[in-house]
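**Q** Take a look at the letters that make up each chain.
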Amino acid sequence: MHEPPAGRTHVTAVLLGNPNTGKSTLFSALAGIPTRIGNYPGVTVEEKVGRFVHAGVTIDLVDLPGTYSFAPQSPDEQVAVDVLHGRMDGVAKPDCVIVVADATNLERNCYLASLALELGIPTIVALTLSDVAATKGIDVDVVALARRLGCPVVPVAAPTGAGIADLRGAIVAAADAPPPPRPDLAAHLGRVAAGRQPAEREAIARYAWIDATLDGVVRRRPPAAISLDERIDAALTHRLWGTLAFAVVMLALFTSIFVLAAPLMEVISAGMEAVAGSVEAALPAGAIRSLLVHGVLAGVGGVVVFVPQIALLFLFVAVLEGCGYLARAAYLMDRLLVGAGLSGKSFIPLLSSFACAIPGIMAARTIENRRDRLLTILVAPLMSCSARLPVYLLFCGAFVPDRAVGLPWIRLPAVVLVAMYAVGVVTAAAVAWVLSRTLFTGPPQPFVMELPGWRWPQPAVVLERVREAAWSFLKNAGTLIVAMSIVLWALGSYPKPVLPVGGDMTEAEVRGEALRQSFLGRAGRAIEPVVRPLGWDWRLGCAAIASFPAREVVLGTLGVIYNLGDVDPGAEEGATLLVRRLKAATWDGTDRKVFTLPVALSIMVFFALCAQCMSTLVVIGRETGSRLWPVVTFLYMTALAWLAAFVVYQLGTRLGW
Amino acid sequence: MVDLADGFPAPVRLDGLAVGSIGRVADVLGGDGTSLRLIEMGLTPGATVRLVGRAPLGDPWEIELRGYRLSLRRAEAARVVLEPR
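Protein chains in written order, with my numbering: chain R, 1 to 657; chain V, 1 to 85.
For the record, the hints were derived by calculation from the structure and aren't laboratory data.
These stretches of chain V come out as covered by chain R in the derived footprint (C-beta under 8 Å, 3 or more residues):
(1) 32-39
(2) 54-61
(3) 65-78
The calculated SDA-like cross-link candidates involving lysine to any residue, where the alpha carbons are at most 25 Å apart (straight line), are:
(4) Lys475/R with Gly271/R
(5) Lys136/R with Ala47/V
(6) Lys136/R with Leu65/V
(7) Lys593/R with Gly652/R
(8) Lys136/R with Val52/V
(9) Lys136/R with Ile22/V
(10) Lys136/R with Gly53/V
(11) Lys136/R with Gly46/V
(12) Lys136/R with Val19/V
(13) Lys475/R with Gly50/R
(14) Lys136/R with Arg54/V
(15) Lys136/R with Leu51/V
(16) Lys136/R with Ser21/V
(17) Lys136/R with Arg24/V
(18) Lys136/R with Gly67/V
(19) Lys593/R with Ile545/R
(20) Lys136/R with Glu64/V
Note that the Cβ used here is the ideal one computed from N, Cα and C, for glycine as well.
Chain V with its partners taken away, still in its complex shape:
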């Protein structure tokens, strides 16, 4: 979602992506063990991410990056900031 109210698009996070759409990672928030693990799994700034789908009960989510599939909960996905489009 792009908000152009003050001329600058609002940052999208991974938990705001629509199913099937692609984004590029800008940052991973948190500075803790979880954010380190997400980066080590390949969610680095510049990496391309695609939201493949969500589990039937709404959580967790399945994303595709660097040629493989990763599942993570919405709470973890919310830490991944994407480049605005």
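Next up, chain R with everything else stripped away, as it sits in the complex:
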């Protein structure tokens, strides 16, 4: 039983460790949900602090970014080093350092431990993954290790909770304990060849110290047969089977977005419609009701409806990350990505961007190389996000003939859908390649990445990642989209329309006329010359302008323009109605249909490539720390979108599609 040291009521402890050591799981087990999430001052590195109480002492636990050494190779690692040395504003110098060490590869983990022992701060080693180590025939003599290191060693198994209480007690006790002895490197340093860089000599001496310290403490039983770990690895990185497995995993991931998310989205759409209905019934007609229903609620509905898709994709990604597969995926994709001017580490941010570019761009923080990171951020918005999917689905379903392609079960609309996703990916590769050879030339950066052992993903960590992603979408995108919806409502409602006398128009027709005569409608007409080469009339131009701040609103805006009023094109019923109107739409004053196949394709391609998300541009500005890059992104994407839509329409019309 650890008595609280007299007088001390508060301890600041930090969790330091290599990536993939179960640090996040340990953090959750010790401190639960983080109390403070935000960035460290001046950098785009997330600060994660939790709080718990033990034996009357309040402990602030800081989860430092995973790091391999104190020679930082990335902003993440720099932050860890700064916090440890008490150099980070707003974070107190730690009273206690907990080095999280993975029992399955103690040698490398002890490298960081040896560095921590030199800080002059009371240190504890939390030994994780002992159960996994046991299955590999690795046995660690904890008592001997503690004696050799000169600090307490607490074995923990966070999933079961074993050792957590002991660790809490050890933290409280350590805060007032003397700092551990510094590792004696002198003897080992003398045996290293003199002609090397001092940093390298020290690193080599450290490993010599580690080898001596762990001698006899870590016993390995040579495995009887090839371990399960190795067999899984061999299969999943195999030239044929590994690639196939990768394709299957990606296919499952994307199918889940379409198949599983759709019913959830319907439910949310229906719910929002019900809410809008009751507000409409409760209030008298007028500007306030219009603002609430068509501005605020439409905006909120447009945001909330995408949360299931984003949450689902991140659930998948978090599970893959937790089990260790994502590192293998980055390994498999590295060569391809290098061909496009990026690297394997860009894989996860780009994959995440298929749900929503915002968490994807934030995930680019794990890319140490500045150039690679910037390139990844600049092309991430080209990955077709959740908001583009309703556009693809509606236009593919309505205007692409349902013919078989090759095999009878491969339908053309599905092929075109996949093609739209491919357009984004191919364009991203091309843009990255061009930029890496022109504006961002530089030597290829090293790719040195640990391939963690296979593990069961921890539910607490997985759920935390999903929560983080959904929250960052809601907070960053959500607020702006709602604000934009209100602005758009205003631009689309004023000036008030001059209605024909004897008005027996329906509510929907009134709204349509209001939009046509409003600022937005006039803007649509003004840019008609610019969009005609794409095959669009002024109504489409109007909808496109409306969707520049947030592409989510495009179908709703089309619905209003075509006199459908409040019908929600996100739901099946509304979509059917909208499709019927679109199919019947003609160019003003003629019989010529607006929506032909080439036009549908040009719309989809435009939406695939255009930067129509102010929230993403804002996040790009934040993550790159400059206003230049969001502007560059907007300009290049819009230009590419226009060009591609132009080519597709002109080519398609000439080819008679």
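Chain R is fixed; fit chain V onto it per the hints.
**A** Using the frame of chain R, we list chain V on its own:
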């Protein structure tokens, strides 16, 4: 590959190892941030390294050392000089 033309075996580098074979690190070249990181990850003189495999497209490579797996590109592997066998 061992060249005994002048009586001294030629140094093997990590990028010359066959898949599945083992070597012992003699040196890490470069003297820059990359070589430091490779050493800090455990590629120190005397450490045993095994080439586990190569990615389907030929790069990067997967090696095993000090009880864990590390992936690195051929360019990085070329910096690791192994003891001749």
